Amino acid sequence: MTRYQKKLRMRHFYNQAFKVLLFLVIVVSLLVLVTLLFDIFRKGYQTLTWNFLTSMPSGRAARAGILPSLVGSLVLIALTALISIPLGVGTAIYLELYANRRSRFFKLLQLNIANLAGVPSIVYGILGLAIFSQMLKLGPSLIVGSITLSLLILPVIIVSSSEAIKAVPSSIIDGSYALGVTRWKTITGVILPMALPGILTGSILALSRAMGEAAPLIMVGAVGFVTFLPDNLLSRYSALPLIVFNWTSRPQEAFAQIAASGIMVMMIILLITNLTAIIIRNKTQSRID
Amino acid sequence: MTIKIKVENLNFYYGSFQALQNINIDIHENRITALIGPSGCGKSTFIKTIDRMYDLIEDTKADGTIAFEGINILDESTDVVELRKRIGMVFQKPNPFPKSISENVLYAVKRHGDQDKKDFPSIIENSLRKASLWDEVKHKLNQSAFSLSGGQQQRLCIARTLATKPDIILMDEPTSALDPIATSKIEELLQELKKEYTVIIVTHSMQQAARISDYTAFFLNGELIEFGETKEMFTAPRDKRTEDYITGRYG
Ligand SMILES: Nc1ncnc2c1ncn2[C@@H]1O[C@H](COP(=O)(O)OP(=O)(O)OP(=O)(O)O)[C@@H](O)[C@H]1O
Ligand SMILES: [Mg+2]
Chain A
1 MTRYQKKLRM
11 RHFYNQAFKV
21 LLFLVIVVSL
31 LVLVTLLFDI
41 FRKGYQTLTW
51 NFLTSMPSGR
61 AARAGILPSL
71 VGSLVLIALT
81 ALISIPLGVG
91 TAIYLELYAN
101 RRSRFFKLLQ
111 LNIANLAGVP
121 SIVYGILGLA
131 IFSQMLKLGP
141 SLIVGSITLS
151 LLILPVIIVS
161 SSEAIKAVPS
171 SIIDGSYALG
181 VTRWKTITGV
191 ILPMALPGIL
201 TGSILALSRA
211 MGEAAPLIMV
221 GAVGFVTFLP
231 DNLLSRYSAL
241 PLIVFNWTSR
251 PQEAFAQIAA
261 SGIMVMMIIL
271 LITNLTAIII
281 RNKTQSRID
Chain B
1 MTIKIKVENL
11 NFYYGSFQAL
21 QNINIDIHEN
31 RITALIGPSG
41 CGKSTFIKTI
51 DRMYDLIEDT
61 KADGTIAFEG
71 INILDESTDV
81 VELRKRIGMV
91 FQKPNPFPKS
101 ISENVLYAVK
111 RHGDQDKKDF
121 PSIIENSLRK
131 ASLWDEVKHK
141 LNQSAFSLSG
151 GQQQRLCIAR
161 TLATKPDIIL
171 MDEPTSALDP
181 IATSKIEELL
191 QELKKEYTVI
201 IVTHSMQQAA
211 RISDYTAFFL
221 NGELIEFGET
231 KEMFTAPRDK
241 RTEDYITGRY
251 G
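Chains as they are written, first to last, in my numbering: chain A, 1 to 289; chain B, 1 to 251.
Please keep in mind that the hints were generated in silico from the structure rather than gathered at the bench.
Remember, it's a predicted structure, so these values are computed and weren't measured experimentally.
Check before you lean on any hint, since a few could be wrong.
Stretch-level coverage of chain B by chain A, calculated; a stretch enters the list once three of its residues show a Cβ under 8 Å from a Cβ in chain A [unchecked claim]:
hint, segment
1, 108-122
2, 184-190
No more than 27 Å apart at the CA atoms, straight line, and that leaves these computed lysine-lysine pairs for DSSO-like [as the list claims (entries may be wrong)]:
hint, chain 1, residue 1, chain 2, residue 2
3, B, 99, A, 185
4, B, 99, B, 85
5, A, 283, B, 110
Pair ranges (Cβ atoms, derived) [unchecked claim]:
hint, chain 1, residue 1, chain 2, residue 2, range
6, B, 17, A, 103, 44 to 54 Å
7, B, 77, A, 111, 34 to 44 Å
8, B, 58, A, 22, 37 to 47 Å
9, B, 149, A, 278, 25 to 35 Å
10, B, 76, A, 172, 19 to 29 Å
11, B, 121, A, 279, 27 to 37 Å
12, A, 111, B, 115, 41 to 51 Å
13, B, 149, A, 94, 32 to 42 Å
14, A, 8, B, 150, 37 to 47 Å
C-beta atoms are modelled at their ideal positions from N, C-alpha and C, and glycine is treated no differently.
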């Protein structure tokens with residue numbers, strides 16, 4: 001056997017060994033996930049009924065439903081989307097296409113936005129409580145919850161939108177400018193349409209993160225147990241993670257069961273939003289290619 | 001013979017690097033002017049100064065004059081949006097927009113908003129006809145521009161430039177990404193276009209410059225070495241370096 005053949009065999013061995021190792025890592029993490037999901041499903045599927053979805057919570061597990069939290073979460077996320085997407089995309093457009101990229105201000109801004117994405121969510125809760133609930137006297141209301149969640153996911157939306165804008169080929173942007181099209185019309189004419197799939201995917205994924213947050217909402221006064229539906233921006237409200245938290249902290253087994261059903265509802269919503277993100281991306285992508 | 005653009009003492013800088021040195025050229029109306037020279041000599045840079053595309057590159061600077069219809073293109077006060085409507089640019093690699101064929105042609109027209117909506121169908125047809133593309137695409141105007149071949153895409157890019165009714169068309173190696181047949185189509189097209197437009201074209205092919213152009217400018221290291229009628233330049237170059245280049249003795 002020559003030296004080269006030997007080396008080749010060694011390389012081959014390492015390659016295979018690494019593959020097996022990676023596969024094992026995947027299996028372990030999948031196993032954990034599957035066990036968890038299975039456990040939740042086993043506990044929760046029996047109590048996940050239409051009645052459960054459409055009833056008010058109650059002190060008795062058998063009668064308790066999730067309606068106020070379900071509606072609360074959906075409204076909260078819709079409002080959060082309305083606030084965070086325009087702000088986030090607008091900021092990304094400014095940063096990528098208007099700001100002077102070499103100024104110190106720009107570099108500072110960019111660094112800070114990246115850092116903000118890593119700040120623990122409860123800190124946003126404290127911020128929301130101090131500024132919107134107390135200083136602006138908006139109380140523990142739906143709008144404060146949405147603003148708080150918007151601030152929480154804004155950095156993620158800005159970063160993913162910036163990436164999507166950066167990915168638009170400069171040859172196409174130049175093509176638009178060379179035709180005497182203004183900057184704003186170049187943005188609306190080619191840059192945003194081409195960046196849209198990336199912007200939407202990033203935003204939807206960010207929103208689904210906001211959907212699962214409990215800590216910042218607790219800080220700004222949302223509660224689990226609410227027996228009415230929110231009817232205006234200043235209403236008090238509940239959200240899915242909060243009612244689940246409420247139920248899991250009770251000792252009775254029956255509540256553990258409906259908590260599992262609550263988690264299933266949350267996961268189904270997350271699954272739907274993430275699927276929507278994928279479908280939007282594929283659809284718009286194929287239109288562009 | 002009318003002079004469309006008069007370039008005088010043009011210098012251009014990328015940061016501290018001077019890419020063009022004291023360029024003087026007269027561009028004649030309804031003629032094709034070819035720019036030749038080895039890679040990196042400043043041909044693309046030169047045409048970028050004419051429609052101010054260098055504005056899009058950070059830390060660039062030009063001085064001198066490029067006189068066009070009584071203004072100096074290089075002036076701070078020049079309205080570059082208006083300028084680029086009058087001076088179109090076709091790039092080396094076809095860069096159609098991710099839209100349908102007809103939307104590509106109408107892209108700038110719609111955004112300038114200075115032409116009547118009911119003229120749109122005729123703008124599409126005329127522009128595509130002038131770019132010799134109409135017969136190939138008339139039955140599929142709503143299909144994506146990406147469904148076209150490279151040569152067709154390049155002619156679409158020419159058509160969308162023509163739709164804005166420019167006076168001058170700048171082309172940066174428009175055929176370098178195309179095969180010989182697509183290339184000869186574009187070359188024939190250029191002969192048609194020069195009846196209505198003034199054309200400046202960058203090319204790496206001596207044969208192409210000799211075949212299609214009326215005037216030729218030879219650049220070397222950011223300097224204009226020789227400029228004159230193509231026939232003369234290719235038969236009796238005045239400068240030794242020009243001769244070396246066109247006879248293939250340069251890289
Ligand atoms: N964006 C830029 N920043 C800095 N220097 C640049 C830039 N673009 C071009 N240059 C430099 O300017 C000089 C001229 O470049 P230019 O692109 O005009 O050459 P060219 O004649 O078009 O070459 P080619 O035939 O390869 O396209 C080169 O030395 C190049 O390195
Ligand atoms: Mg070039």
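These are the hints, each one checked on the structure:
1. 108-122: Our answer is that it holds, as 3 residues pass the Cβ test (under 8 Å) against chain A, meeting three.
2. 184-190: Coverage by chain A is violated here, the residue count being 0 at a Cβ distance below 8 Å.
3. B/99 / A/185: Cα-Cα ~15 Å, so holds.
4. B/99 / B/85: holds, 21 Å
5. A/283 / B/110: holds, 25 Å
6. B/17 / A/103: 44 to 54 Å: violated, 23 Å
7. B/77 / A/111: 34 to 44 Å: holds, 37 Å
8. B/58 / A/22: 37 to 47 Å: Hint holds: Cβ distance 42 Å, inside 37 to 47 Å.
9. B/149 / A/278: 25 to 35 Å: holds, 32 Å
10. B/76 / A/172: 19 to 29 Å: Holds, at about 28 Å.
11. B/121 / A/279: 27 to 37 Å: holds, 35 Å
12. A/111 / B/115: 41 to 51 Å: Given about 46 Å between the Cβ atoms, the range holds.
13. B/149 / A/94: 32 to 42 Å: holds, 39 Å
14. A/8 / B/150: 37 to 47 Å: About 41 Å separates the Cβ atoms of residue 8 of chain A and residue 150 of chain B, which means 37 to 47 Å holds.
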